[in-house]
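Here is what each chain is made of, one letter per residue.
2 protein chains.
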Amino acid sequence: MSGTGFKLLATDGTARRGQVSTAHGTFETPAFMPVGTAATVKAMTPEWVAETGAECILGNTYHLMLRPGAERVANLGGLHEFMNWHGPILTDSGGFQVMSLNDLRTLTEEGVRFRSHIDGSYHDLSPESSMDIQRLLDADITMAFDECTPFPCEKDEAAKSMALSMRWAKRSKDAFTERDGYGLFGIVQGSVYQDLRQESITALTDIGFDGYAVGGLAVGEGQETMLEVLSYTLPELPDDRPRYLMGVGKPDDLVYAVARGIDMFDCVLPTRSGRTNQAFTRRGTVNMRNARHKDDKRPIDPDCTCYTCTTYSRAYVHHLVMAKEILGMMLLTRHNLHYYQELMAGMRDAITSGTFDVFQAAFEKDYFGEDIEPL
Amino acid sequence: MSGTGFKLLATDGTARRGQVSTAHGTFETPAFMPVGTAATVKAMTPEWVAETGAECILGNTYHLMLRPGAERVANLGGLHEFMNWHGPILTDSGGFQVMSLNDLRTLTEEGVRFRSHIDGSYHDLSPESSMDIQRLLDADITMAFDECTPFPCEKDEAAKSMALSMRWAKRSKDAFTERDGYGLFGIVQGSVYQDLRQESITALTDIGFDGYAVGGLAVGEGQETMLEVLSYTLPELPDDRPRYLMGVGKPDDLVYAVARGIDMFDCVLPTRSGRTNQAFTRRGTVNMRNARHKDDKRPIDPDCTCYTCTTYSRAYVHHLVMAKEILGMMLLTRHNLHYYQELMAGMRDAITSGTFDVFQAAFEKDYFGEDIEPL
Numbered sequence: 001m002s003g004t005g006f007k008l009l010a011t012d013g014t015a016r017r018g019q020v021s022t023a024h025g026t027f028e029t030p031a032f033m034p035v036g037t038a039a040t041v042k043a044m045t046p047e048w049v050a051e052t053g054a055e056c057i058l059g060n061t062y063h064l065m066l067r068p069g070a071e072r073v074a075n076l077g078g079l080h081e082f083m084n085w086h087g088p089i090l091t092d093s094g095g096f097q098v099m100s101l102n103d104l105r106t107l108t109e110e111g112v113r114f115r116s117h118i119d120g121s122y123h124d125l126s127p128e129s130s131m132d133i134q135r136l137l138d139a140d141i142t143m144a145f146d147e148c149t150p151f152p153c154e155k156d157e158a159a160k161s162m163a164l165s166m167r168w169a170k171r172s173k174d175a176f177t178e179r180d181g182y183g184l185f186g187i188v189q190g191s192v193y194q195d196l197r198q199e200s201i202t203a204l205t206d207i208g209f210d211g212y213a214v215g216g217l218a219v220g221e222g223q224e225t226m227l228e229v230l231s232y233t234l235p236e237l238p239d240d241r242p243r244y245l246m247g248v249g250k251p252d253d254l255v256y257a258v259a260r261g262i263d264m265f266d267c268v269l270p271t272r273s274g275r276t277n278q279a280f281t282r283r284g285t286v287n288m289r290n291a292r293h294k295d296d297k298r299p300i301d302p303d304c305t306c307y308t309c310t311t312y313s314r315a316y317v318h319h320l321v322m323a324k325e326i327l328g329m330m331l332l333t334r335h336n337l338h339y340y341q342e343l344m345a346g347m348r349d350a351i352t353s354g355t356f357d358v359f360q361a362a363f364e365k366d367y368f369g370e371d372i373e374p375l
Numbered sequence: 001m002s003g004t005g006f007k008l009l010a011t012d013g014t015a016r017r018g019q020v021s022t023a024h025g026t027f028e029t030p031a032f033m034p035v036g037t038a039a040t041v042k043a044m045t046p047e048w049v050a051e052t053g054a055e056c057i058l059g060n061t062y063h064l065m066l067r068p069g070a071e072r073v074a075n076l077g078g079l080h081e082f083m084n085w086h087g088p089i090l091t092d093s094g095g096f097q098v099m100s101l102n103d104l105r106t107l108t109e110e111g112v113r114f115r116s117h118i119d120g121s122y123h124d125l126s127p128e129s130s131m132d133i134q135r136l137l138d139a140d141i142t143m144a145f146d147e148c149t150p151f152p153c154e155k156d157e158a159a160k161s162m163a164l165s166m167r168w169a170k171r172s173k174d175a176f177t178e179r180d181g182y183g184l185f186g187i188v189q190g191s192v193y194q195d196l197r198q199e200s201i202t203a204l205t206d207i208g209f210d211g212y213a214v215g216g217l218a219v220g221e222g223q224e225t226m227l228e229v230l231s232y233t234l235p236e237l238p239d240d241r242p243r244y245l246m247g248v249g250k251p252d253d254l255v256y257a258v259a260r261g262i263d264m265f266d267c268v269l270p271t272r273s274g275r276t277n278q279a280f281t282r283r284g285t286v287n288m289r290n291a292r293h294k295d296d297k298r299p300i301d302p303d304c305t306c307y308t309c310t311t312y313s314r315a316y317v318h319h320l321v322m323a324k325e326i327l328g329m330m331l332l333t334r335h336n337l338h339y340y341q342e343l344m345a346g347m348r349d350a351i352t353s354g355t356f357d358v359f360q361a362a363f364e365k366d367y368f369g370e371d372i373e374p375l
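The listed protein sequences derive, respectively, from chains A and B.
Counting from 1, one number per residue, gives the positions in the first sequence under this note's numbering.
Counting from 1, one number per residue, gives the positions in the second sequence under this note's numbering.
Derived by calculation from the structure, the hints in this document are not laboratory data.
Hints may be right or wrong, so weigh each one.
Any copy, or any two copies together, can satisfy a pair, since identical chains are not distinguished.
[Said to hold, decoys possible] DMTMM-like cross-link-like pairs, simulated, lysine to aspartate or glutamate; straight-line CA separation at most 25 Å:
1. K324 / D119
2. K7 / E342
3. K324 / E221
4. K294 / E224
I would like the entire structure built from these sequences, with the hints used as guidance.
Following this line, the structure appears as structure tokens:
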């Protein structure tokens, strides 16, 4: 078969338990994909990433096209070989990052022209070049090139932006090289306007994709609005394709989005937090710079089975972050990604056993409970 | 038995092959000790340090007394437990670092008073407090508190400084708590003056130590002078105790010092270089930022068996260092420490088989050979 595959294994209300199959293996959904921006999940080895339970990681087209360059990665055997990650890889289209990270850009119907922040050289991103770059990187899942509509956005602007993204979606599909195990995902736009979201879904499903992302969220609209958009968008998407919420999110975002039917996530939060002294735990985040950890022999979370928690005291991790030691970032990132993957595994089990509501209630009690002492 | 033990297993000319036994196990000599300044060998896990072949590491009293504090480390189970390194640990006395890193200090017969660079608080280091701090850290090998004579130094100044260090050596010995498997090393001073070095050795051996360090070297005197000092100093030291050359050095420094009878080394060079884009190889150092690596699929050293070289191309390591990724520092540090430990293992084997001259010639041909292409 051409494209990636998706098996829906169980449902519990609107929550879904599935499996995505790609040229580099399968991954279980709901899945959280750690972000490997520049061909590395920061401060982690690929073996450590796999050990946390992650099965699919994300690479950033914008960063990789500028350095080391897509042709170079292809000549070096593709992204999997280059970075020694032999499981599935999803790459974004570069569209979001060129708009959010680069001020020196011109947007036309054709695409985006911009200057490299590294050496000032000119580059073009278009549906065609984005497909070409993601193919050179050897991404298992390629994202259609789109414009991420800013928030807030008046309806006529959102409509224009969505329409452009839909024309680009068609051009992405036309430029995409079909191969077994390699999939192309379309991205639903339309901001917070239900009729625009519906119009976008119709356009995308007419073209036909291996999966559908909900775009234009996690850009400042807040959790309530995000969940509202998901609530009316997800039921309109085909059941037999994975649904991906890009750039999300906090642990509670993941739980509420899974409840509404999202299958895939990516976010820098667990890795970035690992480099900024924040530990995720089932009782909320813990700032490891806090002096209360100084003499504390307990691990960050006594119930956590990760390398960091089974090996080191929070006093040691506190010492490392105070001394700005690289090992502190390594240990916290490893713990945070383990926490995220355990959360996903818990949700997958709960959906299979039809107890997602119990899982969610227990998560909320632990994570937000006022009678619960923070770790 | 009280103190650390030393078995001399073989000699080859003046080169020595031995084994040091401590409360936390043995280590083979000649040994290179990676530096774990702030209770971490930077950018490494303790498992990785052990995997390189390192058996004993060094901790810095000056850094650890200021953060997290020696009492705190003791309450947390000692340095081994705190940092999860269960092999032997040697700590320096704090004397060298307080003189070289701290401008806010006053030196008296009693010791040194200085202000913390972290919070401005006042601290005293003396033979007695240094012994106390190293005991609280639970160092297997404690270094006597001394003054590292600066270089260059007029003879009368060097004599005064050495005499002070010898009085401090006696006070160190008196203050040291004798325990099985815990040793105290004295430090020979006397700058580049042979009679002062002899005088220092006589004073130290009269007191009696578990091992002897040659101090006041690697402070700008150059390799030739350093080796000359070793050549007349080492034959005067007791054969049945390990000899330690502090803060050394480059691979060729190690080879030439082992040839003259040194048993132990420590140096930040392999770890610091790992964070500044330098790879050590049998054909000299390689700057991984050099553009010639961009498309090179070979490992840093095709003959190296370390994780980095068996897993990644130099193109990938080059990419990581250009992108300033933490993984680049992790991979280079791991490679460099592996290189240093392989070098030590090679010297140990050569001494056992009586072929150190052959080993040294082969090392020089590879490392300095003009007809050899750099890696």
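Status of the hints after comparison with the structure:
1. K324 / D119: between (30 Å within a copy, 15 Å between copies)
2. K7 / E342: Classified as within; 22 Å inside a copy, 50 Å across copies.
3. K324 / E221: Neither, since 34 Å and 33 Å both go past 25 Å.
4. K294 / E224: Classified as neither: same-chain Cα gap 37 Å, cross-chain 47 Å, threshold 25 Å.
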